[in-house]
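Peer 1: Once you have looked at the hints, place chain B on chain A.
2 protein chains.
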Amino acid sequence: MDKKKESLHDTAFEILRAAQDLFYEKGYEKATTREISERVGISKAALYHHFKNKEEILFRICIRGADELIENMRQAIDRNKRSNVPLKEKIKDIMFEYATTYLKNKNFNKILLHEIEFLSPDRKRIILDKENENVHQLKNFLRELMEQGLIKKFDPTVMTFSIISALHWLYFWFKPNKNLSLGQVIDQIADMYLEGIEKK
Amino acid sequence: MDKKKESLHDTAFEILRAAQDLFYEKGYEKATTREISERVGISKAALYHHFKNKEEILFRICIRGADELIENMRQAIDRNKRSNVPLKEKIKDIMFEYATTYLKNKNFNKILLHEIEFLSPDRKRIILDKENENVHQLKNFLRELMEQGLIKKFDPTVMTFSIISALHWLYFWFKPNKNLSLGQVIDQIADMYLEGIEKK
Numbered sequence: 004m005d006k007k008k009e010s011l012h013d014t015a016f017e018i019l020r021a022a023q024d025l026f027y028e029k030g031y032e033k034a035t036t037r038e039i040s041e042r043v044g045i046s047k048a049a050l051y052h053h054f055k056n057k058e059e060i061l062f063r064i065c066i067r068g069a070d071e072l073i074e075n076m077r078q079a080i081d082r083n084k085r086s087n088v089p090l091k092e093k094i095k096d097i098m099f100e101y102a103t104t105y106l107k108n109k110n111f112n113k114i115l116l117h118e119i120e121f122l123s124p125d126r127k128r129i130i131l132d133k134e135n136e137n138v139h140q141l142k143n144f145l146r147e148l149m150e151q152g153l154i155k156k157f158d159p160t161v162m163t164f165s166i167i168s169a170l171h172w173l174y175f176w177f178k179p180n181k182n183l184s185l186g187q188v189i190d191q192i193a194d195m196y197l198e199g200i201e202k203k
Numbered sequence: 004m005d006k007k008k009e010s011l012h013d014t015a016f017e018i019l020r021a022a023q024d025l026f027y028e029k030g031y032e033k034a035t036t037r038e039i040s041e042r043v044g045i046s047k048a049a050l051y052h053h054f055k056n057k058e059e060i061l062f063r064i065c066i067r068g069a070d071e072l073i074e075n076m077r078q079a080i081d082r083n084k085r086s087n088v089p090l091k092e093k094i095k096d097i098m099f100e101y102a103t104t105y106l107k108n109k110n111f112n113k114i115l116l117h118e119i120e121f122l123s124p125d126r127k128r129i130i131l132d133k134e135n136e137n138v139h140q141l142k143n144f145l146r147e148l149m150e151q152g153l154i155k156k157f158d159p160t161v162m163t164f165s166i167i168s169a170l171h172w173l174y175f176w177f178k179p180n181k182n183l184s185l186g187q188v189i190d191q192i193a194d195m196y197l198e199g200i201e202k203k
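Protein sequence lines, in the order shown, are assigned to chains A and B. My numbering applies: residue 4 is where the first sequence begins, and numbers increase by one. My numbering applies: residue 4 is where the second sequence begins, and numbers increase by one.
Hints are not guaranteed to be accurate.
What the hints assert, rightly or not - As a list, the in silico EDC-like pairs of lysine to aspartate or glutamate whose alpha-carbon atoms are at most 16 Å apart:
no.: 1; chain 1: B; residue 1: K156; chain 2: A; residue 2: E198
no.: 2; chain 1: B; residue 1: K29; chain 2: A; residue 2: D158
no.: 3; chain 1: A; residue 1: K202; chain 2: B; residue 2: E150
no.: 4; chain 1: A; residue 1: K91; chain 2: B; residue 2: D81
no.: 5; chain 1: B; residue 1: K47; chain 2: B; residue 2: E59
no.: 6; chain 1: A; residue 1: K113; chain 2: A; residue 2: E28
no.: 7; chain 1: A; residue 1: K202; chain 2: B; residue 2: D70
no.: 8; chain 1: B; residue 1: K202; chain 2: A; residue 2: E71
no.: 9; chain 1: B; residue 1: K95; chain 2: B; residue 2: D81
no.: 10; chain 1: B; residue 1: K156; chain 2: B; residue 2: E198
no.: 11; chain 1: A; residue 1: K29; chain 2: A; residue 2: E118
no.: 12; chain 1: A; residue 1: K113; chain 2: A; residue 2: E32
no.: 13; chain 1: B; residue 1: K178; chain 2: A; residue 2: D158
no.: 14; chain 1: A; residue 1: K133; chain 2: A; residue 2: E71
no.: 15; chain 1: A; residue 1: K107; chain 2: A; residue 2: D158
no.: 16; chain 1: A; residue 1: K156; chain 2: A; residue 2: E120
no.: 17; chain 1: B; residue 1: K113; chain 2: A; residue 2: E118
no.: 18; chain 1: A; residue 1: K155; chain 2: B; residue 2: E59
no.: 19; chain 1: A; residue 1: K155; chain 2: B; residue 2: D190
no.: 20; chain 1: B; residue 1: K156; chain 2: A; residue 2: E120
By construction, these hints were calculated from the structure, which means they are not laboratory data.
With the rest of the complex left out, here is chain A (with noise of 0.2 Å):
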């Protein structure tokens, strides 16, 4: 990549940075392209080089962050496959990698709940696409475990969303300076997970 193209991208990557941020702070709504541009230091202008308007900005924080949940969990599925360890320690690695990028991107999906009303049709529809995708190589993951038998059969949907639901919730309750770090959390979601709660 020479010079001008990489500072292209950068300024289009700070644009998305800010805007995240500002979405996050008070909304898609009341942010202004104004108030983006001047958070990044550039003029108005300037943005409107990298993105038409303030949904398409919308539009790519939506394409980033939905891409790179998929991209790590299509490894961290991966990876769990390939090896040998215990089926409890896969699991563990697949919902800590879960939490992990979702956490990160906490702003990301608060964004992503609130204001994917505001996408047109057509890319409200690819960013739903992401997150069935999304969804499904989990769910193709845990069918797969039933059908080797290492998992009981229960309805394969109705395990994915429960697992993603405990670990999506997380950003609502869990502040990593607690008593528990995020990998004792998931340790313990994990272990009622695969062992179950009640006393036999």
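Peer 2: For chain B alone, kept in the frame of chain A given last:
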């Protein structure tokens, strides 16, 4: 209640119901008190006879939904503490109560998640305290089961939020007209949590 009071009460109720639908459809910010009063078929002045402003309407909607969840869960926990059915049946009944109350108020929950930012800090605090109250009564119940040796000792917060989040997320993916009924989904979630998914 005399006739006049009753009809005043009904009007306030109709206003809240219309506002809840409207906030759900277009978001709190875009909705106007004019639209709310038009839906109810009253004048704007009549609306302001019941509520000081749009924020008070939002606050009352949040209070009503939160109180209903607290009360239904309190009753579900109480009746299961007194009952002699197996532990799994108790957990299922409590989960089912939570899920049905939550799904019945589907639009309330979207409002709660998205629009709580528009409440004044004092009022937001009141609603968050009610959410905490709801979490705490379930957590206390689970802690009692741990102390009685009926369930394993996990961190009560991790356990409570894991269960609640599996139920919350139903609003996102569960369609009542699919192959599985809500009761069947709750059965599976409770079985997963109580007995674990791993085959031994």
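Peer 1: Each hint: holds or not?
Peer 2: Status of each hint after checking the structure:
1. Of the supplied pair hints, the one linking K156(B) and E198(A) holds, its CA atoms being roughly 12 Å apart against a limit of 16 Å.
2. Of the supplied pair hints, the one linking K29(B) and D158(A) is violated, its CA atoms being roughly 34 Å apart against a limit of 16 Å.
3. For the hint pairing K202(A) with E150(B), the CA-to-CA distance comes to about 12 Å; that is within 16 Å, so the pair holds.
4. For the hint linking K91(A) to D81(B), the alpha-carbon distance of about 35 Å lies beyond 16 Å, and the restraint is violated.
5. Taking the CA atoms of K47(B) and E59(B), the gap is about 15 Å. The hint holds against a cut of 16 Å.
6. For a cut-off of 16 Å, the pair hint linking K113(A) to E28(A) stands: about 10 Å separates their Cα positions.
7. Distance hint between K202(A) and D70(B) is unfulfilled; the C-alpha atoms sit about 33 Å from each other, more than 16 Å.
8. Proximity of K202(B) to E71(A) is assessed by CA-CA distance (about 32 Å); at most 16 Å being required, the pair is judged violated.
9. This hinted pair checks out: K95(B) and D81(B) have alpha carbons roughly 14 Å apart, not beyond 16 Å.
10. A C-alpha spacing of about 14 Å is found between K156(B) and E198(B), which places the hinted pair at or below 16 Å, so the restraint holds.
11. At roughly 11 Å between alpha-carbon atoms, K29(A) and E118(A) fall within 16 Å of each other, so this suggested pair holds.
12. Annotation: proposed proximity of K113(A) to E32(A) holds, straight-line Cα distance about 14 Å (limit 16 Å).
13. Proposed proximity of K178(B) and D158(A) is supported: the alpha carbons are some 14 Å apart, at most 16 Å.
14. About 10 Å separates the Cα atoms of K133(A) and E71(A), which keeps this hinted pair within 16 Å; it holds.
15. Distance check on the hinted pair: K107(A) and D158(A) sit about 30 Å apart at the alpha-carbon level, beyond 16 Å; violated.
16. For the hint linking K156(A) to E120(A), the alpha-carbon distance of about 36 Å lies beyond 16 Å, and the restraint is violated.
17. For the hint linking K113(B) to E118(A), the alpha-carbon distance of about 12 Å falls within 16 Å, and the restraint holds.
18. At most 16 Å may separate the alpha-carbon atoms for a hinted pair to count; K155(A) and E59(B) exceed this at roughly 49 Å.
19. Taken as a hint, the K155(A) and D190(B) pair is honoured in the structure, with Cα atoms around 14 Å apart against an allowance of 16 Å.
20. Restraint check: the Cα-Cα separation between K156(B) and E120(A) comes to about 42 Å, which exceeds 16 Å; the hinted pair is violated.
When each numbered hint is compared with the structure, violations occur for hints 2, 4, 7, 8, 15, 16, 18, 20.
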